[in-house]
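**Q** Just so you know, we're using numbering that gives the first Met the number 0 here: the sequence shown kicks off at 0 and counts up by one.
There could be a bad hint or two in this list.
[To be verified] Ranges between beta-carbon positions, derived for each pair:
no.	residue 1	residue 2	range
1	60	18	44 to 50 Å
2	12	63	53 to 59 Å
3	16	56	47 to 53 Å
4	57	21	47 to 53 Å
5	65	22	48 to 54 Å
6	6	29	17 to 23 Å
7	17	67	55 to 61 Å
8	57	33	28 to 34 Å
9	14	35	22 to 28 Å
10	19	51	30 to 36 Å
11	48	20	51 to 57 Å
12	64	20	47 to 53 Å
13	66	16	54 to 60 Å
14	41	11	46 to 52 Å
Please keep in mind that the hints were generated in silico from the structure rather than gathered at the bench.
Every residue, glycine too, gets a C-beta built ideally from N, C-alpha and C.
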Amino acid sequence: MIKTSTFQQALETIEALSSEEQAMLLEIIQNRLREQKRQELLKNVEQSEQDYAEGNVKRGSVSDLMKALEQCEN
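All chains, please: the whole structure from these sequences, using the hints.
**A** Right under this line is the structure:
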């Protein structure tokens with residue numbers, strides 16, 4: 000007997016739901032994904048603010064960046 004994957008089992012469970020329940024589940028999952036992305040963004044902002052406060056951030060123009068990249072290649 001072939002063991003059905005957890006993902007496949009989840010799909011089968013979802014397929015057993017009514018259309019309305021599937022739509023509600025989709026909305027819940029989308030909301031959770033948005034919240035996860037929001038939390039990740041907040042963490043990135045906090046880290047960026049900390050890096051800036053600690054002086055770990057360099058400022059410059061695009062041409063400054065290009066010069067720095069050229070120096071790394073040499």
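**Q** It remains to establish, for every hint, whether it holds in the given structure.
**A** Each hint, compared with the structure:
no.	hint	result
1	60 / 18: 44 to 50 Å	violated, 54 Å
2	12 / 63: 53 to 59 Å	holds, 55 Å
3	16 / 56: 47 to 53 Å	holds, 48 Å
4	57 / 21: 47 to 53 Å	holds, 49 Å
5	65 / 22: 48 to 54 Å	holds, 49 Å
6	6 / 29: 17 to 23 Å	holds, 18 Å
7	17 / 67: 55 to 61 Å	holds, 58 Å
8	57 / 33: 28 to 34 Å	holds, 32 Å
9	14 / 35: 22 to 28 Å	holds, 25 Å
10	19 / 51: 30 to 36 Å	violated, 48 Å
11	48 / 20: 51 to 57 Å	violated, 42 Å
12	64 / 20: 47 to 53 Å	holds, 51 Å
13	66 / 16: 54 to 60 Å	holds, 58 Å
14	41 / 11: 46 to 52 Å	violated, 36 Å
Checked against the numbered hints given earlier, the structure breaks hints 1, 10, 11 and 14 and satisfies all the rest.
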